[in-house]
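Undergrad: For reference, the chains in residue letters:
Protein chains: 2
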Amino acid sequence: MDTKPILMAGNWTSCGADDPTFQSFNPISGDALPQRFPITAWPDLESMATASIDASRALAHVDPERIGRFLERLAECIEADADRLTQTASLETGLPQPTRLASVELPRTTDQLRQAARAARDVSPSGWRRPVIDHQTNIRSCFEPLGGAVLVMGPCNFPLAFNGISGGDFAAAIAAGNPVIVKAHPAHPETTRCLAESVVTALEDTGMPPATVQLFYHAEHEDIARLIEHHAIAAVGFTGGEQAGRAIKSVADHAGKIVSLEMSSLNPVVLLPGCDESGLESFAEAWSGSILLGSGQFCTKPGLCFLIDESVARNLADRTVAHLSGTESCLLLTSQIVDGLESGVRMQQDAGAILLTGGLPVEDAGWRFQPTLLMTNGPSFLEMPDSMQRELFGPAALIVACENKTELLACLRSLGGQLTGCLWGDEAAQGGEVAHEVRSTLRSKCGRLLENKMPTGVAVVPSMVHGGPFPATSHPGFTAVGMPGALQRFAALRCYDGVEESRLPAILV
Amino acid sequence: MDTKPILMAGNWTSCGADDPTFQSFNPISGDALPQRFPITAWPDLESMATASIDASRALAHVDPERIGRFLERLAECIEADADRLTQTASLETGLPQPTRLASVELPRTTDQLRQAARAARDVSPSGWRRPVIDHQTNIRSCFEPLGGAVLVMGPCNFPLAFNGISGGDFAAAIAAGNPVIVKAHPAHPETTRCLAESVVTALEDTGMPPATVQLFYHAEHEDIARLIEHHAIAAVGFTGGEQAGRAIKSVADHAGKIVSLEMSSLNPVVLLPGCDESGLESFAEAWSGSILLGSGQFCTKPGLCFLIDESVARNLADRTVAHLSGTESCLLLTSQIVDGLESGVRMQQDAGAILLTGGLPVEDAGWRFQPTLLMTNGPSFLEMPDSMQRELFGPAALIVACENKTELLACLRSLGGQLTGCLWGDEAAQGGEVAHEVRSTLRSKCGRLLENKMPTGVAVVPSMVHGGPFPATSHPGFTAVGMPGALQRFAALRCYDGVEESRLPAILV
Chain A
61 MDTKPILMAG
71 NWTSCGADDP
81 TFQSFNPISG
91 DALPQRFPIT
101 AWPDLESMAT
111 ASIDASRALA
121 HVDPERIGRF
131 LERLAECIEA
141 DADRLTQTAS
151 LETGLPQPTR
161 LASVELPRTT
171 DQLRQAARAA
181 RDVSPSGWRR
191 PVIDHQTNIR
201 SCFEPLGGAV
211 LVMGPCNFPL
221 AFNGISGGDF
231 AAAIAAGNPV
241 IVKAHPAHPE
251 TTRCLAESVV
261 TALEDTGMPP
271 ATVQLFYHAE
281 HEDIARLIEH
291 HAIAAVGFTG
301 GEQAGRAIKS
311 VADHAGKIVS
321 LEMSSLNPVV
331 LLPGCDESGL
341 ESFAEAWSGS
351 ILLGSGQFCT
361 KPGLCFLIDE
371 SVARNLADRT
381 VAHLSGTESC
391 LLLTSQIVDG
401 LESGVRMQQD
411 AGAILLTGGL
421 PVEDAGWRFQ
431 PTLLMTNGPS
441 FLEMPDSMQR
451 ELFGPAALIV
461 ACENKTELLA
471 CLRSLGGQLT
481 GCLWGDEAAQ
491 GGEVAHEVRS
501 TLRSKCGRLL
511 ENKMPTGVAV
521 VPSMVHGGPF
531 PATSHPGFTA
541 VGMPGALQRF
551 AALRCYDGVE
561 ESRLPAILV
Chain B
61 MDTKPILMAG
71 NWTSCGADDP
81 TFQSFNPISG
91 DALPQRFPIT
101 AWPDLESMAT
111 ASIDASRALA
121 HVDPERIGRF
131 LERLAECIEA
141 DADRLTQTAS
151 LETGLPQPTR
161 LASVELPRTT
171 DQLRQAARAA
181 RDVSPSGWRR
191 PVIDHQTNIR
201 SCFEPLGGAV
211 LVMGPCNFPL
221 AFNGISGGDF
231 AAAIAAGNPV
241 IVKAHPAHPE
251 TTRCLAESVV
261 TALEDTGMPP
271 ATVQLFYHAE
281 HEDIARLIEH
291 HAIAAVGFTG
301 GEQAGRAIKS
311 VADHAGKIVS
321 LEMSSLNPVV
331 LLPGCDESGL
341 ESFAEAWSGS
351 ILLGSGQFCT
361 KPGLCFLIDE
371 SVARNLADRT
381 VAHLSGTESC
391 LLLTSQIVDG
401 LESGVRMQQD
411 AGAILLTGGL
421 PVEDAGWRFQ
431 PTLLMTNGPS
441 FLEMPDSMQR
451 ELFGPAALIV
461 ACENKTELLA
471 CLRSLGGQLT
481 GCLWGDEAAQ
491 GGEVAHEVRS
501 TLRSKCGRLL
511 ENKMPTGVAV
521 VPSMVHGGPF
531 PATSHPGFTA
541 VGMPGALQRF
551 AALRCYDGVE
561 ESRLPAILV
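Top line first, the protein sequences correspond to chains A and B.
Residues 61 to 569 in this note's numbering are what the first sequence lists, from first letter to last.
Residues 61 to 569 in this note's numbering are what the second sequence lists, from first letter to last.
Simulated from the structure, these hints should not be mistaken for lab results.
Just so it is clear, the structure is predicted and the values come from calculations on it, not from any experiment.
Keep in mind that the hints are not guaranteed to be accurate.
[Stated by the list, open to error] Just the calculated beta-carbon pair ranges, DEER-fashion: (1) A/E388 to B/S186: 49 to 57 Å; (2) A/A566 to B/S186: 16 to 24 Å; (3) A/S474 to B/A118: 15 to 23 Å; (4) B/E282 to A/S385: 48 to 56 Å; (5) B/R178 to A/E280: 49 to 57 Å; (6) B/S186 to A/V164: 34 to 42 Å; (7) B/R178 to A/S385: 55 to 63 Å; (8) A/R406 to B/P80: 44 to 52 Å; (9) A/R117 to B/R374: 27 to 35 Å; (10) A/G90 to B/G558: 34 to 42 Å.
For every residue, glycine included, the Cβ atom is placed at its ideal position computed from N, Cα and C.
Could you put the whole structure together from the sequences, leaning on the hints where they help?
TA: Pasting the structure below:
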């Protein structure tokens, strides 16, 4: 079968016959899927960078209305192609087509694109451009596109809503007037290619510069580093694992490029003291449901539960194991996730955590892992932070039984930056002294603080913060979800000093 | 004479008798000034970091009204101590006391503090906290203090207005509710110490946590790196040279800390075609005045002038040399600036630039350099970017004579990020085709675009952008001058999801 072409400067371009290729896999069977995709070499990446310079310049003169129409047209094209897209995505990810992809993720994707379209058009003082006009000094400022391309690298776990093509970073970067170069996630290249077909139609239908969106599927690490360093690239948007994220951040930081990372989060939940049996049971039910959602492959999966008192911990552990045991095995997206879980569980066991259930891959066709629960105590958690704070991406979690409030707070203070943090307990507990101290400690550790609510749902509303301190993200002042906030990551603040009115941007007149 | 104490956790603390010390110098005579200041070792830096954790926690419960009162009280204390402060600053910097320090810089400093006080109190949707409330989902977000200290390192060139104590970064960090640890610039430690005395009074008078502001004067590079990496430090604010800035950025980036840098800028000015003799003369006058202002030691000094046509370049060169020659020598702030100028001029000469005037230190008492002008052509500028784009911090500038528009645009495209960029020419020139292309190229290279106005004045107004792409700063989405924008650099975006009203911050209810 022919190797699929990349999308370069508006054209579907074939790679050389001898270029290396890769295939994606069906997670249910573990079999390689038939399509072959190129591992793009530097000359083609460089050509894409060069093409993006023209797109950048052209976009500077494109009306936000047109950008909005493009994003809306893209949403329509995706809806028109929904069956094929969700079938393809299901084949490449194993995610259920009707319940997850068609009913939840695709509508979320098109809703995000439409919200981004509205954000692109918003020229009010509360919009992303935040115009400030000082008539007295004739100094005026606003946010503008970066003047270079955004390299978008999406994660494996949301083949539509966070896809490099048409997902959150894509929508935000385009809405803020930047061209994008997308690296597909190699676990779902065909889904990404299908989405890019919708993009090409939408670009043509709305008269957008053809190189506004370019796509490749895979490249060597050193070539991706060269691309980040290229003067045509102004920013990088990456969602994925911490190891890759840190490597990308290092290259981007050294080159002085903006880097918007969403990497690793344990999403601690603190079960407050004073929980009765029925409260414990409803927590166990909610928590295990959240751990199993999407086979635990959410960046907001609540992977850590802290509480005081070992007997409560044992009680919770028994109940949670009972809930988790209702699921025999969880289908995972990639073999790397299976391997990462297995080694992560072993690492935590080696550090002293006790395995309560699961812990092993399921030796069957495809990629599956047992729902997994571990338990440790405060001193062990504090002593081995690298092991205990390792993200177990998948259906696995760790209970940390603390002896008292002091130990609990010490554990919380030892945490790295998180996307979310949650306090769980009845009104008396939430108003109590322990909760007060837990809240103020957890608050500065996470972007989103929850009460009696599992963090796995991430509403796409303007007040959402899907962000947090490093290493959850690269900068605690931004959010990856929610408009217009998400656009701010890919915008430059600029001012005009003494510039004659006819030469000012329309928004500043 | 005794070594001056550092300000640690609210107390003036002496260092050990054997600790190394340093002195500042009188730039006019080159003589060391009598006071000795400690080079603080790691244990004291670590104690300051620890003390700042308590201050962070305490500040989380301090009303913005109190923070505002502190900043205003500090402005009053500085005004009450104006004579001593400006005398001391003049002694350490050689800057004229009445015309520069007393009449311009001190009022600017107190005005900034008062603007920061107003910004701290502003809880409106356009204030720095930017509250967003979604009643339907009960998800609410706002900006908050970082939850850690800001390490502030000020530059040598504004001993008051950008001093680590009481300058722009200080005011912004405190107004956003963060404690600060200040490293004085070693060229004006006594000025900084005097300012810190005002800080101590203002902290006491307004009942602020004592460790809100801490001060040391100097430390080894490796200890400063350890301090940046310390978990108590959330952000670094640095203004200064590119070499130090890059080193600090590297440490902060690797540790995942926010870093707000203002480093290096050439501030290109493009003299548009069609300038007649009188236009050329008034440009030469304005430009040379801006080059000489503060002996050229402004981060916004226009150090590069691009134009088309060698004969115009020679004409401009003659006129500019005539203006510069009216000043025999320029007093500089430090001996390092003298050395940097001398080696920078030589480097540009080696790269092919022609020295038109100046180029040498003045062999006299103290630190002086001749007003300096160099000239090169487009091809040389493009061929040797490292030499030609080296910032000559001081009274020196480079004319780049381009052959045509294509060469001019190529030169502009080769530039790194800048704080400012300027187009100079009459209305016909500004509206012409060359200006159009120059403008769109320059626009994405700089934070502030000017028309027929030299960039050295930086008005403290909300629409000011004192920022720009790397390496001018570390992130093009922020400004170091102008409220409330400057606060945003030291703020975290946070959301509350399902949190009961009584436990929400007041601004979100």
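Undergrad: Against this structure, judge whether each hint is valid.
TA: Here's how the hints hold up against the structure:
no.: 1; hint: A/E388 to B/S186: 49 to 57 Å; in the structure: holds (54 Å)
no.: 2; hint: A/A566 to B/S186: 16 to 24 Å; in the structure: holds (21 Å)
no.: 3; hint: A/S474 to B/A118: 15 to 23 Å; in the structure: holds (21 Å)
no.: 4; hint: B/E282 to A/S385: 48 to 56 Å; in the structure: holds (53 Å)
no.: 5; hint: B/R178 to A/E280: 49 to 57 Å; in the structure: holds (53 Å)
no.: 6; hint: B/S186 to A/V164: 34 to 42 Å; in the structure: holds (36 Å)
no.: 7; hint: B/R178 to A/S385: 55 to 63 Å; in the structure: holds (59 Å)
no.: 8; hint: A/R406 to B/P80: 44 to 52 Å; in the structure: holds (49 Å)
no.: 9; hint: A/R117 to B/R374: 27 to 35 Å; in the structure: holds (33 Å)
no.: 10; hint: A/G90 to B/G558: 34 to 42 Å; in the structure: holds (40 Å)
In this structure, none of the earlier numbered hints is contradicted; all agree with it.
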